[in-house]
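Given these sequences and hints, build the entire structure.
Number of protein chains: 2
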Amino acid sequence: MLISDLGEQGLLNLIQPYCLPNTIGDDGAILHPPAGCELVVTIDVLVDGVHFSDRTTTPFDVGWRSVAANLSDLAAMGAVPLGITVGLSLPPTLPVVWLEQLYAGMQACLERYGTGIVGGDLTRSSVTTVAITALGAVSADRVIARSTAQVGDAIVVTGYHGDSHAGLQLLLDPELGQDASEFADTTDLQAHRKRLITAHQRPQPRLDILPILDSLRLNSSQIFPISGMDSSDGLADAIVQICRSSKVGATVSRSHLPISPALAQMFPDTALSSALYGGEDFELVLCLPQPIAIELVDRIGKGATIVGKITRLLTQTASRSTDIILVDDTGQYPTVQLDLQFGFKHF
Amino acid sequence: MLISDLGEQGLLNLIQPYCLPNTIGDDGAILHPPAGCELVVTIDVLVDGVHFSDRTTTPFDVGWRSVAANLSDLAAMGAVPLGITVGLSLPPTLPVVWLEQLYAGMQACLERYGTGIVGGDLTRSSVTTVAITALGAVSADRVIARSTAQVGDAIVVTGYHGDSHAGLQLLLDPELGQDASEFADTTDLQAHRKRLITAHQRPQPRLDILPILDSLRLNSSQIFPISGMDSSDGLADAIVQICRSSKVGATVSRSHLPISPALAQMFPDTALSSALYGGEDFELVLCLPQPIAIELVDRIGKGATIVGKITRLLTQTASRSTDIILVDDTGQYPTVQLDLQFGFKHF
Numbered sequence: 001m002l003i004s005d006l007g008e009q010g011l012l013n014l015i016q017p018y019c020l021p022n023t024i025g026d027d028g029a030i031l032h033p034p035a036g037c038e039l040v041v042t043i044d045v046l047v048d049g050v051h052f053s054d055r056t057t058t059p060f061d062v063g064w065r066s067v068a069a070n071l072s073d074l075a076a077m078g079a080v081p082l083g084i085t086v087g088l089s090l091p092p093t094l095p096v097v098w099l100e101q102l103y104a105g106m107q108a109c110l111e112r113y114g115t116g117i118v119g120g121d122l123t124r125s126s127v128t129t130v131a132i133t134a135l136g137a138v139s140a141d142r143v144i145a146r147s148t149a150q151v152g153d154a155i156v157v158t159g160y161h162g163d164s165h166a167g168l169q170l171l172l173d174p175e176l177g178q179d180a181s182e183f184a185d186t187t188d189l190q191a192h193r194k195r196l197i198t199a200h201q202r203p204q205p206r207l208d209i210l211p212i213l214d215s216l217r218l219n220s221s222q223i224f225p226i227s228g229m230d231s232s233d234g235l236a237d238a239i240v241q242i243c244r245s246s247k248v249g250a251t252v253s254r255s256h257l258p259i260s261p262a263l264a265q266m267f268p269d270t271a272l273s274s275a276l277y278g279g280e281d282f283e284l285v286l287c288l289p290q291p292i293a294i295e296l297v298d299r300i301g302k303g304a305t306i307v308g309k310i311t312r313l314l315t316q317t318a319s320r321s322t323d324i325i326l327v328d329d330t331g332q333y334p335t336v337q338l339d340l341q342f343g344f345k346h347f
Numbered sequence: 001m002l003i004s005d006l007g008e009q010g011l012l013n014l015i016q017p018y019c020l021p022n023t024i025g026d027d028g029a030i031l032h033p034p035a036g037c038e039l040v041v042t043i044d045v046l047v048d049g050v051h052f053s054d055r056t057t058t059p060f061d062v063g064w065r066s067v068a069a070n071l072s073d074l075a076a077m078g079a080v081p082l083g084i085t086v087g088l089s090l091p092p093t094l095p096v097v098w099l100e101q102l103y104a105g106m107q108a109c110l111e112r113y114g115t116g117i118v119g120g121d122l123t124r125s126s127v128t129t130v131a132i133t134a135l136g137a138v139s140a141d142r143v144i145a146r147s148t149a150q151v152g153d154a155i156v157v158t159g160y161h162g163d164s165h166a167g168l169q170l171l172l173d174p175e176l177g178q179d180a181s182e183f184a185d186t187t188d189l190q191a192h193r194k195r196l197i198t199a200h201q202r203p204q205p206r207l208d209i210l211p212i213l214d215s216l217r218l219n220s221s222q223i224f225p226i227s228g229m230d231s232s233d234g235l236a237d238a239i240v241q242i243c244r245s246s247k248v249g250a251t252v253s254r255s256h257l258p259i260s261p262a263l264a265q266m267f268p269d270t271a272l273s274s275a276l277y278g279g280e281d282f283e284l285v286l287c288l289p290q291p292i293a294i295e296l297v298d299r300i301g302k303g304a305t306i307v308g309k310i311t312r313l314l315t316q317t318a319s320r321s322t323d324i325i326l327v328d329d330t331g332q333y334p335t336v337q338l339d340l341q342f343g344f345k346h347f
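Which chain is which? The protein sequence lines are Y and U, in order. First residue of the first sequence? That's 1 in the numbering used here, and the numbers climb one at a time after it. First residue of the second sequence? That's 1 in the numbering used here, and the numbers climb one at a time after it.
Straight line, CA to CA, 25 angstroms or less: simulated DMTMM-like cross-link-like pairs of lysine to aspartate or glutamate:
1) U:Lys247 / Y:Glu8
2) U:Lys309 / U:Asp214
3) U:Lys194 / U:Glu111
4) Y:Lys247 / Y:Asp141
5) Y:Lys247 / U:Glu8
6) Y:Lys194 / Y:Glu175
Computed footprint of chain Y on chain U; a stretch qualifies when at least three of its residues, placed anywhere within it, have a C-beta under 8 angstroms from a C-beta of chain Y:
7) 40 to 52
8) 125 to 135
By construction, these hints were calculated from the structure, which means they are not laboratory data. Quick reminder that beta carbons are idealized off the backbone N, C-alpha and C, glycines included.
Right under this line is the structure:
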């Protein structure tokens, strides 16, 4: 059965069960933000053939990923989700089951993070396009901004990087990594493969970090801003964006980059580049005082690490990245500059 | 110059001046909703070739109309705008001037209604798609819902209907209406033509109605709900939707339908059908007590009228429209049922 067979009312009937009760049926949805909170709005547009394809992503995963990307943006602002709206453009020739699976994937991710769909629009198009707007709430003193990183801050990364990119490579070329000779048996290989693919298909927005930050703030005698963003466009991109926005530099340690055993063992040659430039890991990159950073990393556990520190800007041209460097503690590799050059290009 | 020539950073630089200060540069935008207000969220997706085309709509008008449609949804909920987000998908081969004109059109409409762009996303696609989410604020006791129309309420329409549809017809076929023999000279004809085309290209969301409603509420000894929605999908559609949602019927008077002199004179044969089913007039259809309705129509002035009244539901099947009827006071035409049959179909 195709979208065009269902008709407009049929489509609305299909979608309605996936939406939060009492939000559908008017020109707009009504939300009740908690008193005294700022409102955070994020938007993300996914286009068939650009951000996903049937080759690598099931409709369920398109749904999951599109929600995860938006919730990650909320987490990166320190905001708790209030709900999302879904603007869909669909070819009339799309199978209805594709749409059902898309909504099932969105709902699975939303439920996991205690939120839901509050509104939407549905139109016809020649290209499947998913435009999601997420709304969140944050009290003014807990906003995480890119522009407030302080010289001396530790740079915390909340989890492994590069896994999503490696997972995508595996999906695109199933032959890849089959000959990884380091493995005693194929059990490890299969587990690694699965782990990397899951990292790509089901990224986890780090909303779980927010209560940890709250508790660290509460227990600290010090008042400190937390600066940061998510690493959706890559770890290097996040560090460079924070530095530019805060007008600071950064020293990142090559040996402290959070590379998973799976990535290191299956892609020894490209692990570093995937970790820095792969993107879509949806972890948080946070800058905060060293002692609190140590406690944060300890509380998060697996994959979380301090990758470097924020430094004073030495050059005057903030638009250049000469003050953002990757150093090697072992002396094996020369110091290099981090820049956006290898990041994901949208155009 | 094409979008692909500009690159991602160039595009962001181009768009930034159109956004409200201090809203860009983080993973999400921060808004400050007034204390004690509900938050209203609306979303609207416009697709090239479906909702607009170069033949009938300049990029400036695409921008204006896409914003107007969303602000109209806010007005239909009784909400004052807080800001919009813009999710754009663009072919790399699109001229940069198209994008500039789109933003100029959006900004012109936003400025007129005292609001602005607070965030966005920009991706590549084969089809130009504009997904706008608008955010508004309304106090709980002023929410306009579809579901609260009361038996005995007057049905108020805030302005002329059918003009936008007629304007589109004129744009699609410039020969149309050239032979309207009623006109003494071509001056009237040209003025009418221009008026209808403007109605299509630059619809005015009726946010101006909200302070009038506030003042009527303030001056009334009675506490009353105002039910309603906007007429973006046609006047008949709006009345049917309100009736279904409120589980009531309606009697609409043929001779009271708000048809402009321009529409009546240029399209005598199709004026009624355009007024009922044309759509995209972006007026409000409101149900409220008769005495207050009379005052409201008086305060709004030109085009505003009471088109009928809300009646008790006689049949048990609320999904049928047998209780929503169009009557002719002159006895010239038989009573007919209003339904969604001729409304705009999205699929």
